[in-house]
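Got chain A; can you put chain B on it based on the hints?
In order, the protein sequences belong to chains A and B. For the first sequence, the working numbering begins at 236 and goes up steadily by one. For the second sequence, the working numbering begins at 298 and goes up steadily by one.
The set of hints was computed from the structure by calculation and includes no laboratory data. The C-beta atom is built at its ideal place from N, Cα and C for all residues, glycine as well. Hints are supplied without guarantee of correctness; some may be wrong.
As the list claims (entries may be wrong) - Cβ pair distances, simulated, as ranges: (1) B:Thr329 <-> A:Glu344: 13 to 23 Å; (2) B:Gly330 <-> A:Ala299: 44 to 54 Å; (3) A:Glu344 <-> B:Phe420: 24 to 34 Å; (4) B:Thr419 <-> A:Ala299: 46 to 56 Å; (5) B:Leu467 <-> A:Thr252: 48 to 58 Å; (6) A:Phe449 <-> B:Ala414: 23 to 33 Å; (7) B:Glu409 <-> A:Gln429: 33 to 43 Å; (8) A:Gln429 <-> B:Thr329: 20 to 30 Å; (9) B:Arg427 <-> A:Ser461: 55 to 65 Å; (10) A:Asp432 <-> B:Gly315: 35 to 45 Å; (11) B:Val415 <-> A:Ala446: 46 to 56 Å; (12) B:Ser413 <-> A:Gly284: 50 to 60 Å.
Claimed, not checked - When the alpha-carbon atoms are kept at most 16 Å apart in a straight line, the in silico EDC-like pairs for lysine to aspartate or glutamate are as follows: (13) B:Lys319 <-> B:Asp380; (14) B:Lys387 <-> A:Asp425; (15) B:Lys425 <-> B:Glu435; (16) A:Lys358 <-> B:Glu435; (17) B:Lys387 <-> A:Asp432.
These are the residues of each chain, in order.
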Amino acid sequence: MSLATARADSSPAIEVTGLHCGYEGRTVLKDLNFTVKRGEVFFIIGGSGCGKSTLLRNLVGLHAPLAGDVKFFGQSFTGADLSARRNLLKTFGVLYQGGALWSSLTLRENVALPLEEHTPLAKREIAELTSLKLAQVGLTGFEDYYPSEISGGMKKRAGLARALALDPDIVFLDEPSAGLDPITSRKLDDLVLQVRDSFGTTLVVVSHELASIFGIADRVIMLDRSAQGIIAEGPPNGLAERSRDPRVEEFLLRRDQPRGAPPA
Amino acid sequence: MPSVSSTPVARADAVLEGSALKVSIVGDWSITGVRPKWTATLAGRQPKQVHLSADGLGNWDSSLLLFLFEAQQWCRITGAFCDSKALPEKVLVLLKQMSVSHETSVPFDRSENFFSAVGEATFDAVGKARGFSHFIGECVIGASRVVKLSRRFRWCDAFEEMQNCGAMALPIVSLISFLVGVTLAYIGAIVLRQYGGDIYVADLVGLAMVREMGALMTGIVLAGRTGAAYAATLGNMKANEEIDALETLGISAIDFLVLPRLLALFVMMPLLTLYANALGIVGGMAVASGVLSIPPTAYWVEMLTIVDLSDLLTGVIKGGTFGLIIGLSGCLRGMEADRSAAGVGRAATSAVVTAILLIIVANALYAVVFDILGL
Numbered sequence: 236m237s238l239a240t241a242r243a244d245s246s247p248a249i250e251v252t253g254l255h256c257g258y259e260g261r262t263v264l265k266d267l268n269f270t271v272k273r274g275e276v277f278f279i280i281g282g283s284g285c286g287k288s289t290l291l292r293n294l295v296g297l298h299a300p301l302a303g304d305v306k307f308f309g310q311s312f313t314g315a316d317l318s319a320r321r322n323l324l325k326t327f328g329v330l331y332q333g334g335a336l337w338s339s340l341t342l343r344e345n346v347a348l349p350l351e352e353h354t355p356l357a358k359r360e361i362a363e364l365t366s367l368k369l370a371q372v373g374l375t376g377f378e379d380y381y382p383s384e385i386s387g388g389m390k391k392r393a394g395l396a397r398a399l400a401l402d403p404d405i406v407f408l409d410e411p412s413a414g415l416d417p418i419t420s421r422k423l424d425d426l427v428l429q430v431r432d433s434f435g436t437t438l439v440v441v442s443h444e445l446a447s448i449f450g451i452a453d454r455v456i457m458l459d460r461s462a463q464g465i466i467a468e469g470p471p472n473g474l475a476e477r478s479r480d481p482r483v484e485e486f487l488l489r490r491d492q493p494r495g496a497p498p499a
Numbered sequence: 298m299p300s301v302s303s304t305p306v307a308r309a310d311a312v313l314e315g316s317a318l319k320v321s322i323v324g325d326w327s328i329t330g331v332r333p334k335w336t337a338t339l340a341g342r343q344p345k346q347v348h349l350s351a352d353g354l355g356n357w358d359s360s361l362l363l364f365l366f367e368a369q370q371w372c373r374i375t376g377a378f379c380d381s382k383a384l385p386e387k388v389l390v391l392l393k394q395m396s397v398s399h400e401t402s403v404p405f406d407r408s409e410n411f412f413s414a415v416g417e418a419t420f421d422a423v424g425k426a427r428g429f430s431h432f433i434g435e436c437v438i439g440a441s442r443v444v445k446l447s448r449r450f451r452w453c454d455a456f457e458e459m460q461n462c463g464a465m466a467l468p469i470v471s472l473i474s475f476l477v478g479v480t481l482a483y484i485g486a487i488v489l490r491q492y493g494g495d496i497y498v499a500d501l502v503g504l505a506m507v508r509e510m511g512a513l514m515t516g517i518v519l520a521g522r523t524g525a526a527y528a529a530t531l532g533n534m535k536a537n538e539e540i541d542a543l544e545t546l547g548i549s550a551i552d553f554l555v556l557p558r559l560l561a562l563f564v565m566m567p568l569l570t571l572y573a574n575a576l577g578i579v580g581g582m583a584v585a586s587g588v589l590s591i592p593p594t595a596y597w598v599e600m601l602t603i604v605d606l607s608d609l610l611t612g613v614i615k616g617g618t619f620g621l622i623i624g625l626s627g628c629l630r631g632m633e634a635d636r637s638a639a640g641v642g643r644a645a646t647s648a649v650v651t652a653i654l655l656i657i658v659a660n661a662l663y664a665v666v667f668d669i670l671g672l
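Pulled out of the complex, with its shape left as it was, chain A reads as follows (with noise of 0.2 Å):
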């Protein structure tokens, strides 16, 4: 099946069955099972050390799978190859945790090599949708700065906008509000949903911010350490309240431990 015709039908825009991660024979999370529908904003939450970051490797394809499937509109990822793989790969952004942006080029050519390298816009059109890009996440003006000479929240904007610069159809978000102000966070998150409502777009985001699960997330699922796997799924409003894990009480509520008592 073509990457389009896959698209065409109503299959999850991505689907994960019996997945393992670990490393080198250290299972991190053991079968794991979920879909996250088209359009939707789906946070994969949890403390730290619970295995986030290691499930979104997984899923983008920088690291192996110990065992299980990840299908991205109905196609397989984990067992495609390798063109089946690049053509799944173009329709992915990813923003990674310290914005990984290449730091001998400036944020207008971060943004335009996914163009340059993927499209066939012309130099003219690749600098407007440059611009338009790095002026949606509040970078207008510094189009022409290394990364070296921005901030922490501006080099993950400036990330941002290069995950973005393809309109992929699915982007990756790894602790995108982690180190920014209350404020800057508020405007990535209006951001993120802003990119959902435009282009339909999928966002898979790792996050262990409250205030933006409880404003963005369409859908959680929560990750634990000592369970390996997930406790909690589904709407973030009342899903403390429903589920009866005190994990998860504690996590989304709050709530503390008795004093004295380890961290989990």
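The following block gives chain B in isolation, referenced to the frame of chain A:
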């Protein structure tokens, strides 16, 4: 995501009605695919009004915005009326953002005139020279602290660095020294054979290796191997704020990071130089034995007639100096590196270039000094 059922191919159907051009946008518009151009849609017509509609629009992305923006710009330039009210609200919002970004995005001019470039380069050179002197001063002060409180010195780090820059460098130093000895012997043989003085190849190789080539080649190898590694390591530590963390804890980065590395190179370079001398002499001996039919014993005896301990000492002194130069260049460039991947790369390159340049300069100075001292 907009509807997926309409015509898949992106099209802009234009019909001229009087002075108005009615453009109907249909199909799926993808940034990675082919899309109509506004000039092709116009087909040379010069309408007074342009009416844009998108009833048959399927999937769309920024490629549609580019088309519409091109249309708007054309209307603005020609003075034609552009009616885009029939376009979807989401498209209009993004189109407005694009117009704003087009007007507000001003290239940041980094160019400078010749005189300011020369001026800045001069200030930069002065600043670097001052930085280098300052760094050497800090290292001297740090070393005096270490002499007073030697138990606080990071001896374990120094020994580890000695292993890295000394023992681990043996294979490459062996190969290069042996081949330098071979090359010198061949070059010497070409000239000396003509005068029947084949045996003096031993003198040439022995003296050249012990006084010059042993220390010089080892210095160049270690500048590329260890100096670059020091610059990259410290540069990366700076980028990760590890050096800042040391400073804020009241721990001198010089004592903690630089001095163990300097000591390691200062100790290991003379030893590696002696080793390189030996390997170079063996290389010359192999050529003398194989090509010139000079027995190894005769080669050895002849070499000892000209190479004495003072020659060996000059090589060892140079080795120690070159070691300090490599360590200082590597550590200084690493500590000065920009906090980025490109900055670390530049620091490593600069460390190698600085070290080799200073080694050559120091070698020339030593030639003059040893001549004056009669060594």
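Comparing the hints with the structure gives:
Between Thr329 (chain B) and Glu344 (chain A) the C-beta distance comes to about 20 Å, which sits within the given range of 13 to 23 Å. The beta-carbon spacing between Gly330 (chain B) and Ala299 (chain A), approximately 31 Å, falls outside the hinted interval of 44 to 54 Å. At about 28 Å, the CB distance of Glu344 (chain A) to Phe420 (chain B) agrees with the hint of 24 to 34 Å. Look at Thr419 (chain B) against Ala299 (chain A): about 54 Å separates their beta carbons, and that is inside 46 to 56 Å.
A C-beta distance of roughly 54 Å is found between Leu467 (chain B) and Thr252 (chain A), which places it inside the suggested range of 48 to 58 Å. Restraint check, Phe449 (chain A) to Ala414 (chain B): a C-beta distance of roughly 54 Å breaks the suggested window 23 to 33 Å. Judged by the Cβ atoms, the range 33 to 43 Å given for Glu409 (chain B) and Gln429 (chain A) holds: they are separated by roughly 39 Å. Checked against the hint of 20 to 30 Å, the pair Gln429 (chain A) and Thr329 (chain B) passes, with Cβ atoms roughly 22 Å apart.
Judged by the Cβ atoms, the range 55 to 65 Å given for Arg427 (chain B) and Ser461 (chain A) holds: they are separated by roughly 57 Å. The hint said 35 to 45 Å for the Cβ distance between Asp432 (chain A) and Gly315 (chain B), and at roughly 37 Å that hint holds. For the pair Val415 (chain B) and Ala446 (chain A), the supplied restraint of 46 to 56 Å holds, since their beta-carbon distance comes to about 52 Å. For the pair Ser413 (chain B) and Gly284 (chain A), the supplied restraint of 50 to 60 Å holds, since their beta-carbon distance comes to about 52 Å.
Distance restraint check for Lys319 (chain B) and Asp380 (chain B): the Cα-Cα separation of roughly 9 Å lies within the 16 Å cut-off, and the hinted pair is therefore satisfied. For the proposed pair Lys387 (chain B) and Asp425 (chain A), the alpha carbon gap of about 15 Å is at most 16 Å, so the pair holds. For the hint linking Lys425 (chain B) to Glu435 (chain B), the alpha-carbon distance of about 15 Å falls within 16 Å, and the restraint holds. At roughly 51 Å between alpha-carbon atoms, Lys358 (chain A) and Glu435 (chain B) are farther apart than 16 Å, so this suggested pair is violated.
Taking the CA atoms of Lys387 (chain B) and Asp432 (chain A), the gap is near 8 Å; set against the 16 Å cutoff, the hint holds.
In this structure, the hints that do not hold are numbers 2, 6, 16, in rising order.
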